[in-house]
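Once you have looked at the hints, place chain L on chain V.
Protein chains: 2
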Amino acid sequence: MLRLYHVPLCPYSRKIRLALREKNLVAELIEVEPWEQKDEFLALNPASEAPVLVDDDLVICDSQAIADYLEEAFPETTLYGRSLEERNETRRLVAWFDTKFTREVTDPLWREKIVKRWARRGFPRTDGLREAVANIRFHLAYIDWLYQSRRWLAGDQLTMADLVAAAHLSVLDYMGDINWEHAGAARDWYAKMKSRPSMRPILLERVRMLTPPAHYDDPDF
Amino acid sequence: MLRLYHVPLCPYSRKIRLALREKNLVAELIEVEPWEQKDEFLALNPASEAPVLVDDDLVICDSQAIADYLEEAFPETTLYGRSLEERNETRRLVAWFDTKFTREVTDPLWREKIVKRWARRGFPRTDGLREAVANIRFHLAYIDWLYQSRRWLAGDQLTMADLVAAAHLSVLDYMGDINWEHAGAARDWYAKMKSRPSMRPILLERVRMLTPPAHYDDPDF
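In order, the protein sequences belong to chains V and L.
Under this note's numbering, read the first sequence as residues 1 to 221, first letter to last.
Under this note's numbering, read the second sequence as residues 1001 to 1221, first letter to last.
Here chain V stands alone, though its shape is the one from the complex (with noise of 0.2 Å):
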């Protein structure tokens, strides 16, 4: 039985839905709210960040690990691929959003804006979210590029560089921060991803006090 603590509007919890509903697994969904540190959830990570997967005794921190888990316990439906330059290039692919566009996107405007108004934690940092925003345009360009020669991200098969990097611009497409109207290919790709089962339910969450934008939910955007 799995059970996945997750934030709903957060990328890395995002992912990891993804990635099971692609994998067919069905987990039990816990919404949480790390910020308030409260000791039950602590127990399960000390690091009080979500997802969190827990199976049956075992306990999964951090998105990245819980990929990896993921991987190795439920081979049947590979995420990375089958070769080694396969999964070479679905790992450069995932350090590129869930590191570089994480730095130079996802922090400056998602964690700046949303996380620290959940948390009430000051207020956001100004000063990076003009270049932030100006960023996205850059990384769009570059699905763009790779989805001109290839069906999905990575290469033929659908893997977690779509899914990761789908996760990250659901998030901000919902803040409003993505202009989609020069973005090439990369909007074909966006929307072969939106259409998948995997994405409905993420698209169709709401969380309290803002509203997205009207494409935000339609495949045919």
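Since the hints were made in silico from the structure, they are not lab data.
Treat the hints with caution; some may be incorrect.
[As the list claims (entries may be wrong)] Pairs of lysine-lysine, DSBU-like flavour, derived with a Cα cap of 35 Å:
hint	chain 1	residue 1	chain 2	residue 2
1	L	Lys1100	V	Lys38
2	L	Lys1038	L	Lys1100
3	V	Lys113	L	Lys1116
4	V	Lys100	L	Lys1038
5	V	Lys100	L	Lys1100
6	V	Lys116	V	Lys192
7	V	Lys192	V	Lys113
8	V	Lys38	V	Lys116
9	V	Lys23	L	Lys1038
10	V	Lys38	V	Lys192
Frame of chain V, contents of chain L only:
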């Protein structure tokens, strides 16, 4: 033949240099300045970040992807552990240092003060420096707590968790930002790490215009 493109005094490059040595692998080291965005390096890694590992025709970008590759391609000496439990614990702690510690300490200190100077990209943000230095104490306390009941950070064996933690701490120690006075068992653990042959070349390395404190390369500090 392995070639590692690396930056001295970079925690992500250091972690791979340590992993190579602990796995008894020899790699040619090539120093790069990724912020120069030179075409040859961009051709290897479009993210223009170090480290990059080249194994014959295979190019592996991103330190986590390289660590995973080394584990899969050279499994004789494992740095993650054999059981799923050990691997989960190692990956939890690798993420602790590569994401949580990075966000709370390495990014506001090393990236602001050192990388910005190397890249000649503006003045460092100073508003986060004091908080980042204070955060180090919290992380040392966590290492102290782990090491009181374990032989190494993730359990009975040396793992990537030790290498990643030592890579980050060695860079901050070079910068003079670590106060070891009240570090308890964390200091004992780091003394043990400093005594490993894999750490020697790293501790003897010097970068221009920056002199480490006297205790920096002394295992008996």
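Hint check:
Between L/Lys1100 and V/Lys38, the direct Cα distance comes to roughly 18 Å. Compliance with the 35 Å bound is thereby established for this hinted pair. For a cut-off of 35 Å, the pair hint linking L/Lys1038 to L/Lys1100 stands: about 30 Å separates their Cα positions. Restraint check for V/Lys113 and L/Lys1116: satisfied, since their Cα atoms lie roughly 25 Å apart, inside the 35 Å limit. Restraint check for V/Lys100 and L/Lys1038: satisfied, since their Cα atoms lie roughly 18 Å apart, inside the 35 Å limit.
At most 35 Å may separate the alpha-carbon atoms for a hinted pair to count; V/Lys100 and L/Lys1100 meet this at roughly 15 Å. At most 35 Å may separate the alpha-carbon atoms for a hinted pair to count; V/Lys116 and V/Lys192 meet this at roughly 32 Å. Annotation: proposed proximity of V/Lys192 to V/Lys113 holds, straight-line Cα distance about 28 Å (limit 35 Å). Taking the CA atoms of V/Lys38 and V/Lys116, the gap is near 17 Å; set against the 35 Å cutoff, the hint holds.
Pair hint V/Lys23 plus L/Lys1038 does not hold up; C-alpha atoms about 40 Å apart against a cutoff of 35 Å. The suggested pairing of V/Lys38 with V/Lys192 is violated, with an alpha-carbon distance near 39 Å, which exceeds 35 Å.
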